[in-house]
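For the sequence shown, our numbering begins at 1200 and goes up steadily by one.
Computed cross-link-like contacts, SDA-like style, restricted to lysine to any residue with a CA-CA straight-line distance of at most 25 Å: (1) Lys-1224 <-> Met-1335; (2) Lys-1224 <-> Arg-1348; (3) Lys-1310 <-> Arg-1295; (4) Lys-1310 <-> Ser-1281; (5) Lys-1224 <-> Glu-1347; (6) Lys-1310 <-> Arg-1229; (7) Lys-1310 <-> Thr-1255; (8) Lys-1224 <-> Ala-1342; (9) Lys-1310 <-> Asp-1300; (10) Lys-1310 <-> Ala-1327; (11) Lys-1310 <-> Arg-1233; (12) Lys-1224 <-> Ala-1340; (13) Lys-1224 <-> Val-1338; (14) Lys-1310 <-> Gly-1250; (15) Lys-1224 <-> Thr-1273; (16) Lys-1310 <-> Ala-1251; (17) Lys-1224 <-> Ser-1234; (18) Lys-1333 <-> Ala-1291; (19) Lys-1310 <-> Thr-1320; (20) Lys-1310 <-> Gly-1252; (21) Lys-1224 <-> Arg-1331; (22) Lys-1224 <-> Thr-1346; (23) Lys-1333 <-> Ile-1297; (24) Lys-1333 <-> Ser-1322; (25) Lys-1224 <-> Glu-1337; (26) Lys-1310 <-> Ile-1297; (27) Lys-1224 <-> Gly-1210; (28) Lys-1224 <-> Ala-1336; (29) Lys-1224 <-> Tyr-1269; (30) Lys-1224 <-> Gly-1266; (31) Lys-1224 <-> Ala-1291; (32) Lys-1333 <-> Ala-1225; (33) Lys-1374 <-> Leu-1363.
Hint data in this document are derived by calculation from the structure and do not stem from the laboratory. Since the structure is predicted, the reported quantities are computational estimates derived from the model, not experimental observations.
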Amino acid sequence: PMVVLLSATFGVLGLQIPRLTLTQKARRARVNFRSSLSSYLDLVSIMLSGGAGIETALVAAARVGDGPTYQVITDSLDVARSTGRSPWEVLAEEGRRIGVDELPELAATVKLGGEQGARMTSSLVAKAASLRQKHMAEVEAAANSSTERMGLPMVLMFVAFLVLLGYPAMHLISKGFG
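Assemble the whole structure, with the sequences as input and the hints as a guide.
Shown next, in the form of structure tokens:
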């Protein structure tokens, strides 16, 4: 019975550990995607300020970078061009597929500019700034969390140090009484 119980336990753990590892990697990849997306938005806004059209600015800014975020955006824009669909539609689908909510929001902003001719340079700059601020807040929260988690090990090390210092003295005192 013990072997069966251990086999079942290790079987369940063997199934869950890769899933948890993959979930954690995906979460990290989404955070990295969001931070790179803010630089992409800055590039798009610079190109729009320089007089480029919306689609030209999207494609040119995506081809400037070489990270995974830029590759995903470049691939999405290539799919949009080859299928004849609008870039914002494909970007929104890609954002929903990979679980990054900011990409469909970007697509909605670009859609406004593409279909209705709205000025979107300032909104893209504001979006990039808010993404950077959100990323900095997340980094700060993670740092504070790490600092708080270090409290217990420090207390345990202090107690162990006191025991290490106090043991010889307590041993000598107890030998003196007995």
